[in-house]
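In the order they appear, the protein sequences are chains A and B. Residue 330 in this note's numbering sits at position 330 of the first sequence; the count goes up by one each step and never skips. Residue 103 in this note's numbering sits at position 103 of the second sequence; the count goes up by one each step and never skips.
Hint data in this document are derived by calculation from the structure and do not stem from the laboratory. Keep in mind the model is a prediction, meaning the values are calculated, not measured. Built from N, CA and C at the ideal position, the CB exists for glycine as well. Fair warning: there could be bad hints in the mix.
Calculated pairs, DSS-like style, for lysine-lysine (alpha carbon to alpha carbon, straight line, at most 25 angstroms) [to be verified]:
| no. | chain 1 | residue 1 | chain 2 | residue 2 |
| --- | --- | --- | --- | --- |
| 1 | A | K348 | A | K20 |
| 2 | A | K93 | A | K20 |
| 3 | A | K93 | B | K20 |
| 4 | B | K93 | A | K147 |
| 5 | A | K20 | B | K20 |
| 6 | B | K147 | A | K20 |
| 7 | A | K20 | B | K93 |
| 8 | B | K147 | A | K93 |
Pulled from the structure, derived: some chain A residues nowhere near chain B, Cβ distances all over 12 angstroms [as the list claims (entries may be wrong)]:
| no. | residue |
| --- | --- |
| 9 | P69 |
| 10 | E104 |
| 11 | K201 |
| 12 | D286 |
Protein chains: 2
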Amino acid sequence: MSDVITQGSTQMLDALREAKRPAYVCTIASSETAAIEGLSIAGASAEMRRYTPPADMECLFYGRARSIPGIAATPDGIPSPVIITMAALGLTKLPVFVVDAGCEVPPQTPYFRVGDRPADSILSGRSVANAAELYERGWHLGEQLAKVTDYLLLAESVPAGTTTALAVMLALGLDAHGKVSSTMIGGANELKRQTVESAFKAADIQPGSLASDPIKAIELVGDPMQPVVAGMALAASREVPVMLAGGTQMAAVAAVIAALRAADPNVADTAGADRLCIGTTRWILDDTTADLVDLARQVGDMPVYAADLDFGKARYPGMHPYQAGLVKEGVGAGGSAIAALSYGGVSKAALMERIEGVYAETVLPMLAGDVT
Amino acid sequence: MSDVITQGSTQMLDALREAKRPAYVCTIASSETAAIEGLSIAGASAEMRRYTPPADMECLFYGRARSIPGIAATPDGIPSPVIITMAALGLTKLPVFVVDAGCEVPPQTPYFRVGDRPADSILSGRSVANAAELYERGWHLGEQLAKVTDYLLLAESVPAGTTTALAVMLALGLDAHGKVSSTMIGGANELKRQTVESAFKAADIQPGSLASDPIKAIELVGDPMQPVVAGMALAASREVPVMLAGGTQMAAVAAVIAALRAADPNVADTAGADRLCIGTTRWILDDTTADLVDLARQVGDMPVYAADLDFGKARYPGMHPYQAGLVKEGVGAGGSAIAALSYGGVSKAALMERIEGVYAETVLPMLAGDVT
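Isolated chain A, as found in the complex:
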């Protein structure tokens, strides 16, 4: 399928095309890490970033946020990638489930509550005290979800999540420096490096020192989304194919899964390893300051699929910054778009038209000052 770029085996993409009842599950969380100045623009300000995960989920249910006016956006007003997810899920009618792994502000939607607190800053050296519990809850949830779907798309919305992704991948021994993406152009790689270095000092760990204890790595320098999605993916992939729908944040989850498997081969049957893939956007693959494909290679050659979206000629200039490398991914935008293009049988043109429609419905009123 030319509208989806593939790296590695296409088996998981074929499975999605042939799925009968896939489901979309988005895990959200917040952490004090997002308050570090300069690290995240997933929200108009540090204060507003607290509302980005719930606002994204509210958009999926109600067509606009409730916790904030309109829709989440960067300080420059570039809309959350949720506009892509809204369009893709609207076209495919996929069931939507929200998982709260630990949000400062809970979403005003139905949601699975698996965590009861946001993460501390990774600068504390102990960011997710309840990581083991989150992993167990995620596992049990994944078992149940696998019974009601035949293909699971696991998405995320976690401000500053690429920094915690970098930290966890380094703790697990991956060669990850300079390979994680960001909402920002350039990726703030140097600030991320410094932040992770400080976090490692506070946690008293070295790169690779937690290679055999991934849950501990999350407990010290991760975020709450990671253990929940790892648990869900491992349990569910025993039964059904699972797409980790996201950019380099999902590479970190894949790294956790690979480390858990290495530590305990019984954690999943052999077949499960072939039932995992990463689904993202082409902007992540185009990111010259990151390398998702290499990260996926490092965690056992996980296939990577990317929706070949092109916002360069979008009708609304406010969408063009995506093409320049801003925002790029989140809320499972890429995975949802892939589902629309494969399972949904939607053409790239029809998907673009719907994304523009969602932009017109959600962002234009904000720009016109018509949103309260």
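Got chain A; can you put chain B on it based on the hints?
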């Protein structure tokens, strides 16, 4: 099917037998009403009743409770009907989803959080301040669940729920006095009558005065389970058959649904009315101090099915009190048993044997003092 007693059309029972992927969804809540002495024995004491809903859910996931030792039981040690649900769901492998409509103590399982507070006592005259919000959240959850299942069993675990059921049915104008069941023999009907009378005084309402405003009735004298299950049932029954799995508490939900339909015919398409039934145990039908069948008749001739369970000759004497009319129903015990006997193709003897097995695994160690 001789193992299921039927009242009214058998169409919904046939649909369950032919279902491909039914799902079990249990909504739990707590209210200060359960603290009124003599009203509920769903828990060994008023203090322990706070833990009954989460403990029931933990049993479904882990085979025993985590919030309390072992399993919930009456003051006399008669186990929660969850032993029936555990057996039936274990045999059918139905997916299990927990919905927290407002629990004092959240369950240590994955769960949908739709409410954030337990109900006040109905004696306050305003027991569920967030009833309208709970109804809306339930509706949105039901929409999503209907996409992943082809038959929905909606269960409940709400201590003192028959009292709030009585109050809501009376507020809606049903002839309900002396017709609701109870965990207790005799049903504490007189205490319930007095309690509801006091609640109506505090709320300044009369029997029937809220016939056209069922959400208001719940807000004043109901419990949080009612609006959530009513919303889920209405939304889901547009697409798939829905069994209200419970005794007279579910008659109250059915009454709320009927009143919502009468107030706004657009709330569900016509077909939806034929996609609802009540599933319970034979002990509810045998209850001479109650009349579920008449209540179901009053809310539009909703079909009632009852699992023909017989604990009179159970291997363990601790199960015999069920046959004498104690406990009787809860946690969707009847509906789950019906699912096992129809969809699951399980014989009554095999179901009984598994219930005895669950009793041996969960209750015997408690009686032996082996549970901490």
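Against the structure, the hints come out as follows:
1. A:K348 - A:K20: Holds: K348 (chain A) and K20 (chain A) sit about 21 angstroms apart, inside 25 angstroms.
2. A:K93 - A:K20: holds, 12 angstroms
3. A:K93 - B:K20: holds, 20 angstroms
4. B:K93 - A:K147: holds, 9 angstroms
5. A:K20 - B:K20: Cα-Cα ~13 angstroms, so holds.
6. B:K147 - A:K20: The given pair, whose Cα atoms are some 11 angstroms apart, holds under the 25 angstroms limit.
7. A:K20 - B:K93: holds, 20 angstroms
8. B:K147 - A:K93: holds, 9 angstroms
9. P69: holds, 20 angstroms
10. E104: holds, 14 angstroms
11. K201: holds, 34 angstroms
12. D286: About 34 angstroms separates D286 (chain A) from the closest Cβ of chain B, which puts it past 12 angstroms; holds.
Of the hints listed earlier, there is not a single one the structure fails to meet.
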